[in-house]
Amino acid sequence: MKTTNIKPINIWEGGKYKTVDQLGVYNFHGYNFDGTDSMVSYRLGVTETSEGSDGSEIASFVSYSEGSVSVPDSIVQAWGKDDDPIVAFVLTSLNLEEA
Numbered sequence: 226m227k228t229t230n231i232k233p234i235n236i237w238e239g240g241k242y243k244t245v246d247q248l249g250v251y252n253f254h255g256y257n258f259d260g261t262d263s264m265v266s267y268r269l270g271v272t273e274t275s276e277g278s279d280g281s282e283i284a285s286f287v288s289y290s291e292g293s294v295s296v297p298d299s300i301v302q303a304w305g306k307d308d309d310p311i312v313a314f315v316l317t318s319l320n321l322e323e324a
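My numbering runs 225 ahead of the 1-based position in the sequence shown.
These are computed hints drawn from the structure, not numbers from a lab.
Since the structure is predicted, the reported quantities are computational estimates derived from the model, not experimental observations.
Don't take each hint at face value.
DSS-like, lysine-lysine: derived pairs with alpha carbons at most 25 angstroms apart [unchecked claim]:
#	residue 1	residue 2
1	K243	K227
2	K243	K232
3	K306	K227
For each label pair, taking beta carbons as the anchor points, the in silico distance ranges come out as [stated by the list, open to error]:
#	residue 1	residue 2	range
4	I283	D259	25 to 31 angstroms
5	E276	T228	17 to 23 angstroms
6	Y242	S318	20 to 26 angstroms
Glycine residues also receive a C-beta, built at the ideal position from the N, C-alpha and C atoms.
Model the full assembly from the supplied sequences, consistent with the hints where possible.
Next comes the structure, spelled out in structure tokens:
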């Protein structure tokens, strides 16, 4: 999963507002590079830290909301060695800003 810091937003989840500051993009599927749209799944959440048994800090992504976005073929065609074009498209589609 490619995780990106976003400007914090509040979402309604479990009967209360939760502040999320991370976008996780994962599970690219349906891309055939044949001119048709593809799908990418995302998670909105936070990174929480806890202390490991050896005293080290352990970071964990805690997901509060999930969904999928249809990705046009033009974006899929721009996809190269990294996921940046896909992440940028998902940010724009969800009206989110990178922090």
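Violations among the numbered hints, reported as their numbers in ascending order:
Going through the list in order, the structure violates hint 4 alone and respects the others.
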